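Protein chains: 2
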Amino acid sequence: MKLKLKKLSLDAGRPVSFITEQDAKALNVHVGDRVEISKNNKKIISIVDVVRGFISKGQISLSSEIINYLNLKDNDIVDVNLSIEPKSSMLIAKKLAGNSLTKDEIFLIVNDIANNSLTEAEIAYFVSGVYEHGMSLKETIYLTEAMWKTGKTINWHSKEIVDKHSIGGIAGNRTTPIVVSICSSLGLIMPKTSSRAITSASGTADVMETITKVDFSVEELKNIVRKTNACLAWGGSLGLAPTDDKLIRVERLLNLDPESQLIASILAKKLAVGSKYVLIDIPYGKNAKVSKERAIKLKEKFLKIGNHFNLKIKVVLTDGNQPIGNGIGPVLEMLDVIKVLKQVDSPKDLEEKCIFLAGEIFEMTGKAKKGEGKELAKSIIKSGKAYEKFNEIIDAQGRKNLILEPAKLKQEIIAKKNGKIISINNKSINILGRILGCPVDNSAGIYLHKHNNETIKKGEPIMTFYAESKKKLEEAISYYKEANPIIVI
Amino acid sequence: MKLKLKKLSLDAGRPVSFITEQDAKALNVHVGDRVEISKNNKKIISIVDVVRGFISKGQISLSSEIINYLNLKDNDIVDVNLSIEPKSSMLIAKKLAGNSLTKDEIFLIVNDIANNSLTEAEIAYFVSGVYEHGMSLKETIYLTEAMWKTGKTINWHSKEIVDKHSIGGIAGNRTTPIVVSICSSLGLIMPKTSSRAITSASGTADVMETITKVDFSVEELKNIVRKTNACLAWGGSLGLAPTDDKLIRVERLLNLDPESQLIASILAKKLAVGSKYVLIDIPYGKNAKVSKERAIKLKEKFLKIGNHFNLKIKVVLTDGNQPIGNGIGPVLEMLDVIKVLKQVDSPKDLEEKCIFLAGEIFEMTGKAKKGEGKELAKSIIKSGKAYEKFNEIIDAQGRKNLILEPAKLKQEIIAKKNGKIISINNKSINILGRILGCPVDNSAGIYLHKHNNETIKKGEPIMTFYAESKKKLEEAISYYKEANPIIVI
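Taken in order, these protein sequences are the chains called R and V.
So the first sequence is numbered by the numbering used here: it starts at 81 and just counts up by one.
So the second sequence is numbered by the numbering used here: it starts at 81 and just counts up by one.
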C-alpha cells in the first residue's frame, strides 16, 4: 500500500508508524504489529500505532527514526507492507531454552536487531538467553563477526591503528582520554571510538561530550584523525557494529552485560574500526565486574578470539577494588582528566593507571623497549605534550565553550568518627551515580574525597553528591543509608 | 509540572506521553524516560516521547491508554512528574540471576507491572527469569496471591461458583463453550472468563468473539449471569488479575509459558472471579505442552496451591497427542462448537471430551453420583438443552449478526499416497495457524479433514488452509513443507 507522509517531529526511541484505522484494516494490521516501510529500495521494519484525528486515510506519520533512516521529506510517498513475524524470534527461543546457535542463526538474529525487526522485549529475551546459558567460543566468534559485518567498516590512511578498551564496571576510571593523548602525541594513530555507559555511571563518550562534539560522520572522523593522529568520539552514530547500541539499550534496563556479548561488542568495534593493535584492560576484584579467576578466563577468551581475527592483542588485569579518580559522573570525571593532563592537583591513582596503560601500548607497538614504556609515558605527561595533544583533539572535534562545573544541588556525606577507610563498594557507587542522574544528567555525580587505606577525621566529608533535581538527591541519600557503600574502621 | 492535554486518538499499545523539548528539559527527562501522569489522585507511569510541531510548550498529548485510565478530556490539566527507575527492575535482575524472591518482592514486581511502571523489555526479563529458574511452591503461591490481589474481585449472587480451565497448547480443543452450556443448563453457576491465545492459534475469548460481545464491565457480567447462570466472556477488561494479560502479551512474542506463571495466572483468575469448584484439564503427550510425567507433577502443584487457597479443585489429565476437533482458528473452532451443540456433523473427539469434562463437574458438585456424570452430560447435549442454553448466553451477551465463514483465500493440502495417519504435530499445527494469521485474523486457520489412525486415499485433502492475505497463505505453505506436521504411512 502506498501512503503519503505527513511529517511531524517525533522521537519515539524506536521506529513507529502511525496510520489510520481504515488503512490499518486494509493492510490487515493491528496495533503492535510490524510493517515494512520502504522508499527507493531502502526499507525499515516498524511497529504500528493506530491513530484518529491528526492524519487522514491515505496518510502516514512516522517517528524520526524512520524519517532519518529513509531520508524522507513531507508528502513523500512510501510503500507500507505487512511484515511477517521474524524467524529470529524462534531462534531466540532456542537460545533461551539452552541450545547453541549456528553461525547462520546468529547472523539472522543480529541482522534482525540491526534492521529493527525485533522489539525491545525480544532483544531482552536474547540477552537473557545469552546471560543464562553463555555462549561457546564458536558462538562468540560468530556473534563478533555478525556484529562486525552487519555494520560499516573504516579504512584509515595507515594500517597501523592502535586501540585500547576497558571492560568497564569501575566508577571513575576515565583513562581513555589521557592514554590516547599520551600515545598519539608520539605519533601512534588512535582513532578511538567509545560507547556510552552500560553498568557504570558514565562512559567515555558521555565524559567527552561535556567539552566537545563526539558525534561524527566517517568522513569527519577521518579528517580529525588525519590532523591529530587521534580522536575521542562516540561510536554509536558511525554505523560500526550497529547492533551494539541496541543491545546496550536493553541491557541497561537491568544492568546486564553477559560475557560473550561483552567480548563480541568490544572486538566487533575494534574490527570495524580497522584496529591492528588492541590493549584490553580487565579490572578485577571485589565489586568489580569480574573476580580474578573470571578475569583470567576472560583474558584467555579475548586472546583466542582476537587471534582468530588476526588482531595483535594484549590483555592486562588491573586492580578494580575501588573507584579510580575522585569524580564519578561525566563532568566530574572530565575535571579529573584535565587535572591529570595539566598536572595540577592530579588524582594519583588515575594518573598511575594511565601511565601503565600507555606504557604497555608503547611496548606493544615498539615505541619503547620492554620495561621502558612507563618511563616514556610519564615523561610525556610531565612535558605537557599530552595536554597539548588533548587540546588539539578537542579543537579538531569542536570545543564546547561551557563552564565545566558540577550540578548545583549538592549534599556532603560526613564521617561520623575518626578512622580508616577499608572498603568502597564500586557497584553501590555506580548505582548512586545512576540514582543521582548519571549519565543523562551530565553534571550530576559523586566526588570522592578519600580512597581505601586513607585516614579520615570525624566531621570531614567522605564524599559529595551532586544532582539536578531534589528528588534524585533525596533518593541517593536514602539509597546511601541503605547500602552503606563506604566502610570506615 | 502542570501541562494541558491536547487530545488526539492514539493507541500506542502502552502508556506514552508526548511533550515538547522545552518541557522535557524543564522536567529533566529524555526520550524513553518514565514520567508519572496524575489527575484527581489517580496516577499512571508512562514513557516519554519528545515531539516538535503538533503541540506547543505547556501542552501534552497522551496515548489512549492514559486518557482512558485517567478519564481525561481535551484541555484537562494534568500533573507530570519525573518517575524514578522502579526498584522492581533490581528484583527482576535478582530472579534472572537465579535467586528466589520474597513475598514482598513478588508483590512489588506484580504491582509495577499492573501500574505500567515496567517496560515490556523489563517484563520480558522477568518472564525469562521465571522460565529459566522456575519458582518454588512458595514463590508460586505469592505470585498467585499478588496477581489475584492486585486486581478486582467479583462477588456473585451465590457462593457456589463453578469454573473449569485447560492449560492449553492443543490446537482446536474448544471445550469451554460446550461444557459451560451443558453445566449451566442444569443450574450450575459458571461465570466463565477466558483469556486470549498464548501458545495456541486461538483462545476461548478469541473464539467467542466471532459471534458475540465478550468485553463487559463487572455489572454487565453480573446481569448476564443472573439471567442465564453463566457467561463466556473475555477476562482481560474486567480488571481481574490485570497483570496476566500484560505478561501474556510479552510471553506471546516467543510462545513462552513458564509453569509457575501458568499456575498463578489460572488460579489468580479463579480466585478473583470467586470460584469455589475448579476443574483443571491438563492435556499431555507428544507435542502437548507437557509430558505425562510433567503433567503429574503439575497436577500436584495445582492441588497444593488450590488447597492453600481453599478451592475445591480437581485436576484431570487428558490425551493431548493431536488437535481436537476439525477447525483451528477462531471462526473455524466456533463452527465446530455449534456442530457439537446442534448435533449436526459433530466432531466426535471434541464431543466426547466435553461430555467427560461436564461429567466430572457434575460429580464434583454433587449433581451426579460418582460414575454417572458422563451419562447425564450426554443426555443434556442430546436433548438440545445445551444448545438452548448456549444461545441464551449468546443473546444475553449480545449476538453479532455475522455470517460465520472461513477466510476467502484457501489452499488444500492433498495426500500424495494411500495410507494411514499416524501423527499430527500439535505444535506445528499451532504455528501454522499463527502463520495464517490466527488469532488476530479470526477467519484464518486450518480445517483438519483427518485425525490419527484414520486412513486416507491419494488425492484426498488432509487439511485446508484459510488466510486473509496471500503472503500469509504462501508463508504457511512454505512452513508446511519444511515442518511436515502430518505423517502418513
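Hints in this document: simulated from the structure, not taken from any laboratory.
Note that the coordinates shown come from a computational prediction; the quantities given were computed from them, not determined experimentally.
One should not assume that every hint holds.
Just so you know, same-sequence chains aren't split out, so a pair can sit in one copy or run between any two.
In silico lysine to aspartate or glutamate, EDC-like type, Cα no more than 16 Å apart, as pairs [as the list claims (entries may be wrong)]:
1) K428 <-> E440
2) K488 <-> D325
3) K167 <-> E555
4) K462 <-> E432
5) K538 <-> D113
6) K167 <-> E562
7) K137 <-> D429
8) K488 <-> E240
9) K174 <-> D337
10) K174 <-> D184
11) K379 <-> D103
Hint check results:
In this assembly of identical chains, K428 and E440 lie within 16 Å of each other by CA distance neither inside one copy nor across copies; the values are 18 Å within and 78 Å between. Taking the shortest alpha-carbon separations for K488 and D325, neither the intra-copy value of 31 Å nor the inter-copy value of 44 Å comes in at or below 16 Å. Taking the shortest alpha-carbon separations for K167 and E555, only the inter-copy value of 11 Å comes in at or below 16 Å, while the best intra-copy value is 43 Å. Proximity of K462 and E432 under a CA criterion of 16 Å is satisfied intra-copy only: 12 Å inside one chain copy versus 89 Å between copies.
When the C-alpha separation of K538 and D113 is checked against a cutoff of 16 Å, the pair qualifies neither within a copy, at 61 Å, nor between copies, at 39 Å. For the identical chains of this complex, K167 and E562 are inter-copy neighbours only, at 13 Å across copies versus 45 Å inside a copy, given an alpha-carbon limit of 16 Å. Taking the closest pair of Cα atoms, K137 and D429 never come within 16 Å of each other, the shortest separation being 64 Å inside a single copy and 47 Å across copies. Taking CA atoms no more than 16 Å apart as the test, K488 paired with E240 passes in neither setting, with 45 Å inside one copy and 64 Å between copies.
Taking the closest pair of Cα atoms, K174 and D337 come within 16 Å of each other only across two copies (14 Å); inside a single copy the shortest separation is 20 Å, beyond that limit. In this homomeric assembly, K174 and D184 come within 16 Å of each other (Cα to Cα) only inside a single copy, at 14 Å, whereas the closest approach across copies is 32 Å. For the homomeric pair K379 and D103, neither the shortest alpha-carbon distance inside one copy (55 Å) nor that between copies (47 Å) is at most 16 Å.
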